[in-house]
Amino acid sequence: MRFDVITLFPDMFSVVRDLGVTGRAHRREQWALQLWNPRDFTQDVHRTVDDRPYGGGPGMVMMAEPLEKAVTAAQSARPDSPEVILLSPAGKPFTQNRAQALAHSQGAILICGRYEGLDQRFINRCVTEEISLGDFVLSGGEIPALAVMDSVIRLLPGVLNDADSARQDSFNEDLTGLLDSPHYTRPEVYESESVPAELLSGHHANIAQWRRRQSLKITAQRRPDLIEAARRNGLLSKVDEAFLKTLLF
Numbered sequence: 001m002r003f004d005v006i007t008l009f010p011d012m013f014s015v016v017r018d019l020g021v022t023g024r025a026h027r028r029e030q031w032a033l034q035l036w037n038p039r040d041f042t043q044d045v046h047r048t049v050d051d052r053p054y055g056g057g058p059g060m061v062m063m064a065e066p067l068e069k070a071v072t073a074a075q076s077a078r079p080d081s082p083e084v085i086l087l088s089p090a091g092k093p094f095t096q097n098r099a100q101a102l103a104h105s106q107g108a109i110l111i112c113g114r115y116e117g118l119d120q121r122f123i124n125r126c127v128t129e130e131i132s133l134g135d136f137v138l139s140g141g142e143i144p145a146l147a148v149m150d151s152v153i154r155l156l157p158g159v160l161n162d163a164d165s166a167r168q169d170s171f172n173e174d175l176t177g178l179l180d181s182p183h184y185t186r187p188e189v190y191e192s193e194s195v196p197a198e199l200l201s202g203h204h205a206n207i208a209q210w211r212r213r214q215s216l217k218i219t220a221q222r223r224p225d226l227i228e229a230a231r232r233n234g235l236l237s238k239v240d241e242a243f244l245k246t247l248l249f
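Residue numbers for the sequence shown follow the UniProt record's numbering, beginning at 1 and rising by one.
Everything labelled a hint here was simulated from the structure, so no lab data went into it.
One or more of the hints may lead you astray.
Below, computed lysine-lysine pairings styled on DSSO-like, alpha-carbon distance capped at 30 Å [what the hints assert, rightly or not]:
1) Lys92 x Lys217
2) Lys217 x Lys245
3) Lys238 x Lys217
4) Lys92 x Lys69
Please read all numbers here as calculations on a predicted model, not as lab measurements.
Can you build the whole structure from these sequences, using the hints too?
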């Protein structure tokens, strides 16, 4: 697994490279990172990567040539032909399923935009997919790129100490795309609130049932769209549906 990242701020990626489970996985060479700064592919003394937009308007636009040269260099440094993904508010929403698909690939080239946007001709020529983290705008693509990388790397075999951790994540197919249930640890009683009795019972079937019901309840409360999606895909059992009918909000 390898990520090549086109960014004006390569230092930001020390977070995912050096810290936490992704940092540990990088030290174990379970994934690799190469950073490419478009300024290194400019010709003028000022290393210019942006200019005023045609048609007027506020802000500046990233120029096509430095970006395309950076992508070409990244592609030349790899033996495969990875997807070229632009982090953009105009992209398709990033999902757990997309993270799982990327985790089964050899990686990707990620483009981190800045300023008002990127020259559309670069996007037309080089980008194979646009991804969005949601309906909001950030000052650049670096934070979304970090989020995508973290979500993918943690799914690689052996990155998490317990492989079941990823399978119990919210949105995971093992949870039929629903939200995860609540978690508890020691002490058994905290500020007069006790751990639910089902989790203390030692009865695996009861624990599994409690977790499933909590997952259904939380998802129905907070993300009813996920319930509907699971229902459309035939992922809810008759027992699930019977429990959902008992919920009153």
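Verification of the hints:
no., hint, in the structure
1, Lys92 x Lys217, "holds, 28 Å"
2, Lys217 x Lys245, "holds, 10 Å"
3, Lys238 x Lys217, "holds, 15 Å"
4, Lys92 x Lys69, "holds, 25 Å"
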